[in-house]
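In case you want the letters, here they are:
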Amino acid sequence: MLFPLTNSAAERPRVVITGAGVITALGRGWQTNADGFRAGRRAFRPVSLFDVSRQRVKVAAEADVPDSASPAFAPTRLSRRQLERLDRAGRMLVLAAQEAWLQAGWSAGESGAENLPLVLGTTAGGMLLGEAYYRQAIRQPSCPRRQATRAVFYQPQVQARMVFDALGCSGPIAIISNACASGANAIGHAWNLVRSGQAERVIAGGYDALGELVFSGFDSLQALSPTVCRPFDAQRDGLALGEGAAVIAVETLDGARRRGAEILGELAGYGTSIDRHHLTQPQPEGRTTLAVMGQACASAGVTPDDIDYVNAHGTGTPLNDSSEALAISEWAGPRATTLPVSSTKASIGHLLGGAGAVEAVVCLMALREQWLPPQMIFGTPDSACKFPIVHQPRDARLNLALSNSFGFGGVNAALILRRWA
Amino acid sequence: MSRIFIAGLGAVSPAGWGVTALRQALDQGEPLPVQSLARPGWDRPLRARLVPNPPTRPEFLAHPRLRRTSPITHYAAAAALEAISRLRTRPAAAPFRMGIIGCFQSGCVQYSCRFYHETLSDPATASPLVFPETVYAAPTSHVAALLENVVLACSLVGDPSALLQGVALGAEWLAEGRVDACLVIGAEETNWITADALRHLDRPATVAAGAGALCLCRDPALSVGIELAAITDAHTFTSRLSRAQAALAMRRQLGPLVSGELLTDGAGDSPRTDAAERAAWNDWTGARLSPKRILGEGLMAATAWQCVAACDAVAGGRFAAANVSLVGPNQQAIGARFVAVASGIHA
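Taken in sequence, the protein lines are chains A and B.
With our numbering applied, the first sequence covers 1 to 421.
With our numbering applied, the second sequence covers 1001 to 1347.
Just so you know, not all the hints are guaranteed correct.
Output of the computed footprint for chain A on chain B, the stretches with three or more beta carbons under 8 Å from beta carbons of chain A [to be verified]: (1) 1133-1140; (2) 1224-1236.
Here are some chain A residues the structure puts well away from chain B; computed CB gaps all over 12 Å [unchecked claim]: (3) Phe44; (4) Ala72; (5) Ala74; (6) Gln140; (7) Asp165; (8) Ser383; (9) Pro388; (10) Asn399.
Subject to a maximum C-alpha distance of 25 Å in a straight line, what follows is the list of computed DMTMM-like cross-link-like pairs (lysine to aspartate or glutamate) [unchecked claim]: (11) A:Lys58 x B:Glu1176; (12) A:Lys386 x A:Asp254; (13) A:Lys386 x A:Asp237; (14) A:Lys386 x A:Asp306; (15) A:Lys58 x B:Glu1118; (16) A:Lys58 x A:Asp305.
Hints are computed from structural coordinates only; laboratory data are not their basis.
The beta-carbon is built from N, C-alpha and C at its ideal position, and this holds for glycine as well.
All chains, please: the whole structure from these sequences, using the hints.
Right, here's the structure in full:
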């Protein structure tokens, strides 16, 4: 039963990650992405998915998403018909989930596989199908062909069900849509479910595909960089859009140990709140950001001095980065001067609902392999930055990483991940 | 075990603005009149049950954040303010931390369609004022700005049954002491594209719009005499669990209803869509309320109306308990039970 709530365990279990799957414009899978982020590779190219001839900006970080007939989907249990109905977003989601599932070593037949919560963050779900529906409805108003399928598969809960069908498991589905904080909130919600004893295991992540409506939206706001996305640079002039998905397998430490699973890292803390300042602009001094970073530290039982790396939300817009820089600087205090910070949006763009989840996986990679992800194009730091921006590839001793995510509407989220050694 | 109470209810529906209008329409039991909705490229209009204009312009529309918002935010705000009206009159003994959970299926479709239309026509002239209002989280954010004391907010998307997951999440926030009260809002707005999609998926249904809100609290002194007794598991439809099986599983978890209780179900005008839920409850001969038959297919708003109607029936003393049955179109079956607060709880 979802209510009455299960009594919270006297001692809250530690929460670990035993599987991670990721697809971005850098490529598909852990290793390809880890290599790319470690080197600070940039994955932007001219947009080919839709017409941008009348847009201000014409580049984005497009992912190479296998089509429905690709052998990449062979390990899934989806039929060809199901695969054909998924749009790019759904296909990226399924691939990331499949990678996380296999890495975790979970199987469809084991106990609990029929009651495995799935928590996903997305801003657009199957918006590409929604766009196709709209175009056909306007241009061929009398043609019903494929419209019913689009109307169903456009909905994110249906894409989530495809994840279950692909993996051969089932459970409650929660779709969180707190704009660009969605992916971090989904992982945070999964952390809560396990910590509170409501679930032993959870699949969580975030995803979004590049679409014409969203691209045009950010372009209309003049939020897209017409030059190069340079988070925290004094000369920054906007964000770059990308697409991708990341999914993680989350479970109790005891559960992972019982089955001898390889632990990739610990999900140690989470904070979230809402900034009511403006629909699209952060409170200039970053008060809510400061609060959620503090919450995340408190829940992890650590202080800013313990954090070894911050993966910033760092969109590259003037307003976001100055607000976040002030918050990080104040939160870190004296530690700020030596605290490495970077935004991996400089490599893969802003993944919107997928951003928080992908960036959590980047932190996991950095902690596991002991390096810092650089922003290779960086000039003069914004005056609000009291911290160093990582702008060259380098190895580092990392034990704790914090990842920030903020969204339109004002939801802020921070996750803390710990190295498992 | 944490007890969760209902501190207030709010509704906007084709019956009008407020829970009273909703109650009166449901009591009359007559389907509300259907209006026409123009569809581009068609001579014949689509059918919809629209929300009538409010008797007077709501004061909240003067709030700077709500100036450019679309109807879904107006409905959500009105339902939210009605649901917390009693809380607002309480003496401010201490800072009151509010949570908001907004639940949507279609969300901000009016501005999404408008913005995409502008994009297809000429992206260079697409309105930057419209785009931010297209995100699912916009109505939740606007209501949070309006209420000012909101510390935690979340927007959930799903089929209409997801509203009860929102209620469960709110109960969790309260139990963990993260908020002192939590609004759970289900809201939708009408647009030709929603009606058009519904025509493909559920032809007899008539699309509707509006919102419903429940304010949850832990303090029994704030209760309007209703307690949340249970929310079942979310029985997700899969290749191994059909809608009919999921509906039965939900029914079993709600337990045997006794005479004198109310069942509010999600039955509408479509025998095919309603078949699974109808079968699950075919032996129930007690009182039954089917708000969608009167008000239309309001998607997430409709499930909110179901919950509000169930709670309102208990609060009014007409039933000792009311059960809510939700069998969504493509996600899950889930149910809830609300009961009258036992006498003496206020002592």
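Verification of the supplied hints:
1. For the region 1133-1140 of chain B, the proposed coverage by chain A is satisfied: 7 residues have a C-beta within less than 8 Å of a C-beta in that chain, meeting the threshold of three.
2. With a threshold of 8 Å between beta carbons, the proposed coverage of the region 1224-1236 of chain B by chain A holds, since 7 of its residues qualify and at least three are required.
3. At the 12 Å boundary, the C-beta of Phe44 (chain A) stays outside the reach of chain B, the nearest C-beta of that chain being 19 Å off.
4. The Cβ of Ala72 (chain A) sits about 21 Å from the closest Cβ of chain B, beyond the 12 Å cut-off, so the non-interface label holds.
5. Its beta-carbon lying about 18 Å from the closest one in chain B, Ala74 (chain A) satisfies the requirement of being farther than 12 Å from that chain.
6. With a least CB separation of 8 Å from chain B, Gln140 (chain A) falls inside the 12 Å interface cut-off, contrary to its annotation.
7. Remark: the non-interface label on Asp165 (chain A) conflicts with the geometry, its nearest Cβ contact in chain B lying 6 Å away (cut-off 12 Å).
8. At roughly 27 Å, the least C-beta separation between Ser383 (chain A) and chain B is larger than 12 Å, which holds for a residue marked as non-interface.
9. With 12 Å as the threshold on Cβ separation, the claim that Pro388 (chain A) sits away from chain B holds: the shortest Cβ distance comes to roughly 33 Å.
10. Interface exclusion of Asn399 (chain A) from chain B stands, the closest Cβ pair being 28 Å apart, more than 12 Å.
11. Between the alpha carbons of Lys58 (chain A) and Glu1176 (chain B) the distance comes to roughly 47 Å, so the proposed pair goes past 25 Å and is violated.
12. The suggested pairing of Lys386 (chain A) with Asp254 (chain A) is violated, with an alpha-carbon distance near 40 Å, which exceeds 25 Å.
13. A hinted pair counts as satisfied when its Cα atoms are at most 25 Å apart, and Lys386 (chain A) with Asp237 (chain A) qualifies at roughly 20 Å.
14. Annotation: proposed proximity of Lys386 (chain A) to Asp306 (chain A) holds, straight-line Cα distance about 17 Å (limit 25 Å).
15. A threshold of 25 Å between alpha carbons decides the hint, and for Lys58 (chain A) with Glu1118 (chain B) the separation of about 18 Å falls inside it, so the pair holds.
16. Distance hint between Lys58 (chain A) and Asp305 (chain A) is unfulfilled; the C-alpha atoms sit about 41 Å from each other, more than 25 Å.
Going down the numbered hints, you'll see the structure goes against 6, 7, 11, 12, 16, while the others check out.
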